[in-house]
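Asker: Using the sequences and the hints given, assemble the complete structure.
No gaps in the numbering here: position 146 of the sequence shown is 146 in the numbering used here, and each next residue is one more.
There's no promise every hint is true.
[Unchecked claim] Once the Cα atoms are required to be at most 27 Å apart in a straight line, the calculated BS3-like pairs of lysine-lysine come out as: (1) Lys351 / Lys292; (2) Lys341 / Lys351; (3) Lys184 / Lys82; (4) Lys332 / Lys242; (5) Lys184 / Lys351; (6) Lys341 / Lys242; (7) Lys351 / Lys242; (8) Lys420 / Lys332; (9) Lys341 / Lys82; (10) Lys82 / Lys242; (11) Lys184 / Lys292; (12) Lys292 / Lys82.
[What the hints assert, rightly or not] Restraint ranges, calculated between C-beta atoms of paired labels, are given here: (13) Gly245 / Gly350: 43 to 53 Å; (14) Lys341 / Ala282: 44 to 54 Å; (15) Thr41 / Asp69: 16 to 26 Å; (16) Asp60 / Ser7: 24 to 34 Å; (17) Thr41 / Arg227: 53 to 63 Å; (18) Gly230 / Arg97: 40 to 50 Å; (19) Asn210 / Ser46: 25 to 35 Å.
Just so you know, the hints here were simulated from the structure itself, not pulled from any lab data.
Cβ coordinates follow ideal geometry from the N, Cα and C atoms, glycine included.
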Amino acid sequence: MLPTSDSPTERVSPLTVRADPAASTTPWPLSRADVDFGDGTTQQVSDLSQVTHTDRTPGDYNVILTLQDSKGTTSTSRHMVKADYAASGYVATEPFRFYDSRDDTPVMPGGTPLWMSLPIGLNQPEHPLSASMSAVVLNVTVTGATQDTHLTVWPDGQDRPATSNVNVRAGATTSNTVTVPVGKSNGALMQLNSGWASIIVDFVGYYQPNLGQRFTPLAPSRLLDTRTAGGALPGGQTRTVKVAGVNGIPADATAVALNLTGTGATENAHVIAYPDPARRTATSNLNVEPGKDKSNQAIVPVGPNGTITLFTNSGSTHLVLDAVGYYGKHGKTLFKPVVPKRLADTRATGKLAPGATTTVSGLPANAVGAVLNVTATDTTGPGFLTAYAFGGTLPGASSLNTLPGATVPNHVTTPVGSGKVSIFNSWGGSNHVITDLLGYFTNP
Numbered sequence: 001m002l003p004t005s006d007s008p009t010e011r012v013s014p015l016t017v018r019a020d021p022a023a024s025t026t027p028w029p030l031s032r033a034d035v036d037f038g039d040g041t042t043q044q045v046s047d048l049s050q051v052t053h054t055d056r057t058p059g060d061y062n063v064i065l066t067l068q069d070s071k072g073t074t075s076t077s078r079h080m081v082k083a084d085y086a087a088s089g090y091v092a093t094e095p096f097r098f099y100d101s102r103d104d105t106p107v108m109p110g111g112t113p114l115w116m117s118l119p120i121g122l123n124q125p126e127h128p129l130s131a132s133m134s135a136v137v138l139n140v141t142v143t144g145a146t147q148d149t150h151l152t153v154w155p156d157g158q159d160r161p162a163t164s165n166v167n168v169r170a171g172a173t174t175s176n177t178v179t180v181p182v183g184k185s186n187g188a189l190m191q192l193n194s195g196w197a198s199i200i201v202d203f204v205g206y207y208q209p210n211l212g213q214r215f216t217p218l219a220p221s222r223l224l225d226t227r228t229a230g231g232a233l234p235g236g237q238t239r240t241v242k243v244a245g246v247n248g249i250p251a252d253a254t255a256v257a258l259n260l261t262g263t264g265a266t267e268n269a270h271v272i273a274y275p276d277p278a279r280r281t282a283t284s285n286l287n288v289e290p291g292k293d294k295s296n297q298a299i300v301p302v303g304p305n306g307t308i309t310l311f312t313n314s315g316s317t318h319l320v321l322d323a324v325g326y327y328g329k330h331g332k333t334l335f336k337p338v339v340p341k342r343l344a345d346t347r348a349t350g351k352l353a354p355g356a357t358t359t360v361s362g363l364p365a366n367a368v369g370a371v372l373n374v375t376a377t378d379t380t381g382p383g384f385l386t387a388y389a390f391g392g393t394l395p396g397a398s399s400l401n402t403l404p405g406a407t408v409p410n411h412v413t414t415p416v417g418s419g420k421v422s423i424f425n426s427w428g429g430s431n432h433v434i435t436d437l438l439g440y441f442t443n444p
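Answerer: Here is the structure:
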């Protein structure tokens with residue numbers, strides 16, 4: 001069962017199936033219908049109204065429909081139903097902050113899952129959104145951690161996956177973009193592995209079947225490098241960057257997927273990427289630190305004249321901006337959300353040496369792009385990783401920056417070749433590389 005509108009009051013949850021007893025043909029009037037949805041859930045109706053049910057997890061379910069007519073005769077039919085997330089378009093929204101644990105529970109304890117109500121439908125009255133979104137894109141920031149730890153985000157109602165989204169050092173502030181399916185109760189779960197920390201969540205956009213724009217993945221192409229043009233961005237000032245109508249991105253693109261890197265920061269600060277230079281959002285995309293190159297992927301709606309605007313709150317920092325894809329009416333692919341799962345972990349096979357490339361398999365054969373969480377750990381020297389399509393040409397841009405003594409994640413969108421992705425390690429030092437799948441793009 002798929003949604004047909006973006007109404008904030010008409011909810012069609014992902015993984016929803018519908019049974020219609022009234023569509024059955026019997027010699028006598030029907031008096032009762034019993035539906036066994038195959039997951040331990042049953043429902044009985046006497047008015048023969050349509051019955052809907054939302055499965056907790058994707059899977060194949062044996063649905064049994066038992067009908068009873070007015071003479072007491074019963075008949076049974078069985079249907080194998082595949083519950084899965086549907087291919088979806090993307091709806092870009094103006095970013096807004098909807099959760100900040102510092103406002104109520106200042107710190108979140110490790111080892112305990114925390115339920116987060118997503119801003120679906122009218123949950124955030126000042127930001128009404130579709131009630132039928134299938135996956136959301138968030139920017140999640142972890143700050144004030146009491147020890148080195150990581151945060152995992154996953155759809156509510158499901159078991160915690162063996163994946164991670166944000167890795168943070170004790171006392172530091174780190175953010176990462178997170179794409180996660182919407183759970184059965186319109187929410188998501190978050191859990192710190194250990195320690196305590198505060199969590200801040202910004203809403204970026206969402207995916208929904210029968211709605212939104214298609215995506216075209218691109219080999220990374222550079223849109224801005226303040227080290228060679230314009231100089232570092234000073235605190236309290238803005239920099240407007242042309243992102244549509246350049247580098248293969250059409251002028252009418254509605255949103256762009258970008259890898260945003262900060263380098264040469266003079267102070268701890270945050271960077272915001274937003275569409276309208278006249279309306280700076282109360283959100284953040286990247287937390288920069290002196291002496292460290294840090295990156296985060298951002299999906300940003302295109303603003304006036306095909307531009308976006310960058311702002312940093314204090315100090316100064318150089319910024320590097322690489323486009324990895326765009327959304328718009330000329331986009332080619334739809335997004336298939338998945339329950340987060342681990343695809344590869346070199347800690348089981350051996351470190352990735354400087355200048356070496358590892359191949360990550362396990363993607364569907366029809367995937368033309370992938371949304372990954374790539375993590376570098378146990379790094380011996382500063383450098384970077386670059387993800388690109390297996391069998392493709394290594395692009396001259398990075399996907400994440402590696403740091404000795406730090407575990408660094410990044411949300412990575414990349415083209416796919418033959419169900420595989422290549423990850424290249426720069427000549428800076430050896431790394432362990434962990435790759436988690438958040439979803440993939442496929443041709444309709």
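Asker: Hints first: check each against the structure and report whether it holds.
Answerer: Taking the hints in turn, this is what the structure says about them:
1. Lys351 / Lys292: 22 Å, holds
2. Lys341 / Lys351: Holds: Lys341 and Lys351 sit about 21 Å apart, inside 27 Å.
3. Lys184 / Lys82: Between Lys184 and Lys82 the Cα gap is close to 16 Å, so the pair holds against 27 Å.
4. Lys332 / Lys242: OK: Lys332 and Lys242 at ~22 Å, within 27 Å.
5. Lys184 / Lys351: With a Cα-Cα distance of about 38 Å, the restraint between Lys184 and Lys351 is violated, given a limit of 27 Å.
6. Lys341 / Lys242: Not OK: Lys341 and Lys242 at ~35 Å, beyond 27 Å, violated.
7. Lys351 / Lys242: 39 Å, violated
8. Lys420 / Lys332: 19 Å, holds
9. Lys341 / Lys82: 19 Å, holds
10. Lys82 / Lys242: Violated, at roughly 44 Å.
11. Lys184 / Lys292: Violated. Lys184 to Lys292 sits at ~39 Å, over the 27 Å cutoff.
12. Lys292 / Lys82: This hinted pair is violated, its Cα atoms lying about 47 Å apart.
13. Gly245 / Gly350: 43 to 53 Å: Holds, at about 45 Å.
14. Lys341 / Ala282: 44 to 54 Å: With a Cβ separation near 33 Å, Lys341 and Ala282 fall outside 44 to 54 Å, so the hint is violated.
15. Thr41 / Asp69: 16 to 26 Å: 24 Å, holds
16. Asp60 / Ser7: 24 to 34 Å: Since the Cβ atoms of Asp60 and Ser7 sit about 30 Å apart, the hinted range of 24 to 34 Å holds.
17. Thr41 / Arg227: 53 to 63 Å: Given about 58 Å between the Cβ atoms, the range holds.
18. Gly230 / Arg97: 40 to 50 Å: For Arg97 against Gly230, whose Cβ atoms are near 28 Å apart, the range 40 to 50 Å is violated.
19. Asn210 / Ser46: 25 to 35 Å: Because 32 Å falls inside the window, the suggested range holds.
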